Amino acid sequence: MSLLEVVVSSVVLAGSSSAAVGVWNQAATEIHRASQLDELALQLEMARISTDRWLQSEAAASVVIDSSSADCRFNSEALQSASAERLPLGSEVSTHWSDDPQGLGHWLELSTKPQPSMPPLKRRLLFTPAAYGLCPPDEVRS
Amino acid sequence: MLPLALSASAVLLLGSASIHTLSLQKRLRIHASYQREQGADQLRSAAQEFVVASRGLQACLLQWPSLDWPGVAHGCSGSDPSQLGGGVVGEMGWSLVDWQPSIESGQLRLRLADGRTGRFRLALAPPTFAVNGISDVQPQARVPQLEAE
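Protein sequences appear in the order of chains A and B.
So for the first sequence, this note's numbering puts the first residue at 1; every next one is plus one.
So for the second sequence, this note's numbering puts the first residue at 1; every next one is plus one.
No lab work stands behind these hints: they were computed from the structure.
Quick caveat, the model's predicted, so the values are computed rather than measured.
Please note that the accuracy of each hint is not assured.
As the list claims (entries may be wrong) - Using C-beta positions, here's what the derived DEER-type ranges look like:
(1) B:His74 - A:Ser94: 43 to 53 Å
(2) A:Gln115 - B:Leu6: 16 to 26 Å
(3) A:Thr29 - B:Ser95: 39 to 49 Å
(4) A:Ser94 - B:Gly71: 26 to 36 Å
(5) B:Ala17 - A:Met118: 18 to 28 Å
(6) A:Glu85 - B:Asp98: 39 to 49 Å
(7) A:Val6 - B:Leu28: 41 to 51 Å
(8) A:Thr29 - B:Asp98: 46 to 56 Å
In this text, a Cβ means the ideal position worked out from N, Cα and C, and glycines have one as well.
Put together the whole structure using the sequences plus the hints.
Structure representation (structure tokens):
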């Protein structure tokens, strides 16, 4: 074993170790980001499911319907305040309700708060009182 | 000693490359799942619009399969089956694939303009056939869009 061989072997090993450590660090960062992304996506899904279950409940019917409207609509303010009070949202999730331009119902936009080096996740769904049986029954027409 | 060093280096580099690939795959999988959920949201929104359209004069149609609607529409005074055939929700067009009623419920299948299809179970309240509940979407295989569409 010559001195040259020892030197070359050391250089090769040191170089590859350094490169491997760099890639491992990058992979660890990527895994951390992916786990965060997974957690945020789960919080959005939980918020969606909670909203859906809440609108299915008897408690929602008495609170969120605009009784002054003949068209069976949600009361925007009641919907926003009741959902903010009663729905268990993750700490990183924010909600925003907006009227549907066609008057069908309300859109719920769920989004995650901005995170460093990660774009915010967003979900957007239409909710209508009719789909939850919250509207008074129509007359039989058949 | 050099062969040993080269082997050790190769193991280190290959191992770290594998870990990196796995981490990227995990992130891609999460993104794909997120995009699937966004697609499911569009289907859920379309189903909500279908339910709104099925109120009033159209509710009578829900007691029949959608294939029979053109023939039974005259028995449902004032109803218009085209109102339930499709629409646009949140800038995404949707169309009815089919509606199959059964006892106090029915199965709804919708297709988005991009070909994604989903199935829902709607709870009905006889005798008015008003919808009083909707299941979560069950996504189905994407249907390729014909050029003629």
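Okay, the hints, checked on the actual structure:
For the pair B:His74 and A:Ser94, the beta carbons lie near 50 Å from each other, so the given range of 43 to 53 Å is met. Hint check: A:Gln115 to B:Leu6, Cβ distance near 42 Å, so the stated range 16 to 26 Å is violated. A beta carbon spacing of about 44 Å between A:Thr29 and B:Ser95 agrees with the range 39 to 49 Å that was offered as a hint. The given range of 26 to 36 Å is broken by A:Ser94 and B:Gly71, whose C-beta atoms sit roughly 49 Å from each other.
Separation of B:Ala17 from A:Met118 is about 24 Å and conforms to the stated range, judged on CB atoms against 18 to 28 Å. The hint said 39 to 49 Å for the Cβ distance between A:Glu85 and B:Asp98, and at roughly 40 Å that hint holds. At about 43 Å, the beta-carbon gap between A:Val6 and B:Leu28 stays in the expected band of 41 to 51 Å. For the hinted restraint 46 to 56 Å between A:Thr29 and B:Asp98, the CB-CB distance of approximately 48 Å keeps it satisfied.
The structure fails hints 2 and 4 (numbered hints given earlier, in ascending order).
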